[in-house]
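Q: Given the sequences, and given the hints that come with them, work out the whole structure.
Spelled out from the first residue to the last, the chains are:
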Amino acid sequence: MTIGGKRSTAICFVAAVAALGLGAFVFVWSGLYNAAASQPHLSIVHRMIEFALRRSVETHSALMTHPAFDDSNLMRLGAAHFDSGCAPCHSAPGGMSNPVVENMLPRPPKLTLAASRWTPEQLFWIVKNGLKFTGMPAWVAQDREDEIWAVVAFLEALPNISAAEYRKVAAANVEALVRTGGMIAKYGAGTESISQCDRCHGTRSEPPTSALVPKLAGQSQAYLEITLRCFATGTRQSGIMQPVAAALTDGDAAELAKYYAGLPPTTAADSSQKPPPDQLERGKMIALSGVPENGIPPCLACHGDKRAATFPTLFGQHAAYLRNQLQLWRRGLRNQTAQGAIMAAIATRLSEQQIFEVAAWFESVGPRIPSEEVRRGRRRR
Amino acid sequence: MKMPRAAEADWSRWTTLASAVVVAFFFSGCAGVQSTLAPQGPEAARVALLSWVMFIAAGIILLGVTLLCALAIYGRERWRGWLAREGAAIGGGVAFPVVTLTALLSCGLILTSRGRPPSADMPPLKISVVGERWWWRVFYENGVGGSFESANEIRIPVNRPVEIELTTADVIHSFWAPTLAGKMDMIPGRTNMLTLQATKAGVSRGQCAEYCGGAHALMAFDVVAMPRPAYGEWLAHTAAPAAAPRSPIEREGLKLFLESGCGGCHTIRGTSALGKIGPDLTHVGGRLSLGAAILPNDPSAFARWIRHNQQIKPGNLMPPYGIFTDNELAALSTYLSQLR
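Residue numbers (the numbering used here), protein chains in the order written: chain U, 1 to 381; chain F, 1 to 340.
It should be emphasised that the hints constitute simulated quantities derived from the structure, not laboratory data. Hints are not guaranteed to be accurate.
Unchecked claim - Some, not all, of what chain F presents toward chain U, calculated at C-beta under 7 Å:
| hint | residue |
| --- | --- |
| 1 | S260 |
| 2 | G263 |
| 3 | G264 |
| 4 | L317 |
| 5 | P320 |
| 6 | G322 |
| 7 | I323 |
As the list claims (entries may be wrong) - On the chain F side, residues computed to face chain U include the following (Cβ under 7 Å):
| hint | residue |
| --- | --- |
| 8 | P248 |
| 9 | E250 |
| 10 | G261 |
| 11 | C265 |
| 12 | G275 |
| 13 | K276 |
| 14 | I277 |
None of these values were measured; they are calculated from a predicted model. Backbone N, C-alpha and C define an ideal beta-carbon position, used for all residues, glycine too.
A: Given below as structure tokens:
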């Protein structure tokens, strides 16, 4: 072939590529491809999108490892959040399907089979990051990976959960309000509301659904109001609580805080762990006397009977909840509020062992400590 | 290239001026409350004397060496020949250094040896100082066999030897009150003793002199030398518990102090605050400064410290207390200020 022949082949090739690109642009520009959710994707487009999505999830989650899911508290927390945060689109076992959601494209999948389609790490990545162009949002508090793992723990358990069991584990405390026709006409018929605190925090007679959820009964109104405000403004982070708090007006928050402050403290304890007496004794020493050589003041200096109204009581609180929160402080996730900044300085001085012991002691003493014991502890110091 | 003559003169004028400014800057450190060269007691006077002996001897020797150098370069041939002899090398290079250095070393050893043992009729006053994470914990004897705690201020009587026991709670610090004595390290696991004495009443300043972490430079203290009778009164007053709050705002301040957890780390004797982690605040309002001699002692400085202590002294062990409203902070500061 001559030099001129080679050159003309190259020109032809470039022209063909340019024509193809131009053709694609003209097709997109023309608006002929139907973006309507009422029409399914072309089969080839659908397959390409599916392929890209799966590969993206697989690649991005390749280097993770999931924690142990043997603690049912994690699954229960995930279940309660699923009921308010996920079920409205993904529907729950035994739940009604929503015709609006059914007309989304892609349609939010039922998640009963999610655990068999994805590994726990892949589910974690999807829940944390959401998926572009699908309507699946990213997790509100990106750093609260502990909460995201709770949702994954529930999704892992979901295939084996019947509709009846689901009601029990995810929404035992949710009571449907029996409304008359007039009430429905006036207030609406919705039985599910994101701000149904009972769902997670328990009722007057029932403890929280998971030991990772704090008991609120008996906290002061000031403390609860401040906490709700911190969640609403995002200075305290939680993918579960931030949306709830943001949905409340100031008046709602005050009323809620007043309600919980007036409830009698619940005595129910998480009996899954029984620490040995010597550990409880060491935990008690930390709470009453601190560890001065490590710069740790006694917990009761701020959390005792004479605490400021804006400080929480810890007596009878679930050990699992206390441990988890102390870990959040150690990871630097709770230092953006004025109250949190104080605790942040102290939480980082506690060892893993000390956290375990002191959390176990606070749970073991129940909602009230005999004031005699406090006095003896103070004198010893 | 050679500079024009005028420019050369200009240049030399400027360098002279610049050196004068630099020298003046360094000598400004020689006066005032934290200077070795302004001694207020015999220990520091000996350090100052030794410094002067060394400066002057070194100055004379430098001058002599410079002259000999000039001689060796510009001198007449006869003088240069004299300098090149073996005798001159042995005399100037061996004999002279041996004699002068021995003299200076002896002078140094004599001046830095321990002072006279305190006479029996005047037993030394004992004070313990512990280096902490950027402040000083101070223990005084209360005169009846016990001791009480204070912080960041050393008060001593004039004309009485004081024996200071130096230890540390964490890393190596160094106790240095330049107007009264030389530096003495505070070493983990060791107890060092420093004896000093003030000859006249007055206030001076000390400083940690061994790098001990981020806020090392902000670890200072005040030294107050007081006439004998006033010192006795001060000691008795400081050994006593804090006075009860009198006005409503002070009572509010004490209530905030106790319910906000301050007592978990701080002691105010006479209240239920018995914490041992931070400085004793029983008479904090009567000290000359706050935050280990870095803030004035007034209510606004208290308020700044409580809220912004991590900006003022980053990394110190106190949590930042941003929870108070302005009114609450004012009450707390007023209460602490009147703890004299």
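Q: Hint by hint, say whether it matches the structure.
A: Right, here's what the structure says about each hint:
Using the Cβ-Cβ criterion of 7 Å, the hint placing F:S260 at the interface with chain U is satisfied: the shortest such distance is roughly 5 Å. Hint on F:G263 holds. Least Cβ distance to chain U is approximately 6 Å, under the 7 Å limit. Taking 7 Å as the C-beta contact cut-off toward chain U, the hint placing F:G264 at the interface holds, the least distance being around 3 Å. Hint on F:L317 holds. Least Cβ distance to chain U is approximately 5 Å, under the 7 Å limit.
Checking F:P320 against chain U: minimum C-beta separation of about 5 Å stays under 7 Å; hint holds. For F:G322, the interface hint holds, the least distance from its beta-carbon to any beta-carbon of chain U being 4 Å, beneath 7 Å. Among the interface hints, the one on F:I323 holds; its C-beta lies about 4 Å from the nearest C-beta in chain U, closer than the 7 Å criterion. A hinted interface residue such as F:P248 counts as satisfied when its beta carbon comes closer than 7 Å to some beta carbon of chain U; here the least separation is about 18 Å, so the hint is violated.
The criterion of a C-beta within 7 Å of any C-beta in chain U is not met by F:E250, whose closest approach is roughly 18 Å, and the hint is violated. Checking F:G261 against chain U: minimum C-beta separation of about 3 Å stays under 7 Å; hint holds. Hint status for F:C265: holds, given a least beta-carbon distance of 5 Å to chain U, under 7 Å. About 6 Å separates the beta-carbon of F:G275 from the nearest beta-carbon of chain U, less than 7 Å, and the hint is met.
Restraint check, F:K276 versus chain U: the minimum CB separation of about 5 Å is within 7 Å; hint holds. Because the smallest distance between the Cβ of F:I277 and any Cβ of chain U comes to about 5 Å, under 7 Å, the interface hint for this residue holds.
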